[in-house]
Amino acid sequence: MRHESLASQGALPASLVREINDCGFFPQLVTDSVALAVGEEVVEAHLVQHEATFTHEGITRHMSVLVLTPTRLVVSHTDDHTDDPQGGAAISSTESVPLRLLGTVAMSRVVAHPERFGTKSAEVVETWLTLSWNTMRKIDLEPATCGDPNCEADHGFSGSAVNEDMVVRMSPAADGPEQVRRLVSFGAALQQRVH
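Here my numbering is used: the first residue of the sequence shown is 102, the next is one more, and so on.
Label-pair distances were calculated between CB atoms; the ranges are:
1) T220 x S259: 47 to 53 Å
2) S222 x A254: 56 to 62 Å
3) Q293 x S194: 23 to 29 Å
4) G260 x T172: 31 to 37 Å
5) R201 x G260: 26 to 32 Å
6) G257 x G277: 47 to 53 Å
7) T161 x P215: 34 to 40 Å
8) S222 x G125: 32 to 38 Å
9) P244 x A274: 38 to 44 Å
10) E216 x G248: 41 to 47 Å
11) T161 x M267: 14 to 20 Å
Derived pair list, reagent style SDA-like, types lysine to any residue, alpha-carbon separation capped at 25 Å:
12) K221 x D276
13) K221 x Q280
14) K221 x V281
15) K221 x M208
16) K221 x V285
17) K221 x V211
18) K221 x S286
19) K221 x S272
20) K221 x A289
21) K221 x R270
22) K221 x P278
Simulated from the structure, these hints should not be mistaken for lab results.
All residues carry an ideal CB built from backbone N, CA and C; glycine is no exception.
Based on the provided sequences and hints, a complete structural model is requested.
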């Protein structure tokens, strides 16, 4: 069955569509997913990250698109569907996070030669943008222990409940200096919108 796009791609800025297309990872699917979630809202800022992971079974690809609108953070993820025996499937999902539910927006930069920051000899070698929001919580459980390696008693479970979060990590070596600048710009725009 052929799928017709339901999204109005005209609502997305040309620069966002171009960045998605430049990645070459199912661009029509990714653009359609993002456009459906954004709807008619104005895109104030965006960030695109395409990652490849090498495993013993082969290469898997993942693409994240983050879009800041006046009211929401739209988070889109698209992955190769590795369970498909023919390898011809992808999974695309979007999440719409109201800005009022955004928690911490943290940006961390690793700088070589920080004493020379502001000159060409200082270099940002890695940048992380960490986001958390209060729409879902993860519960991580593991068997509790008492510390005695010979103890066979059942100590129940221990665990933690944490807010949903996301980390975007980029470096000039892996992603290029321009992409790192986009990450910093997007992170700064998001930090200024969170109350």
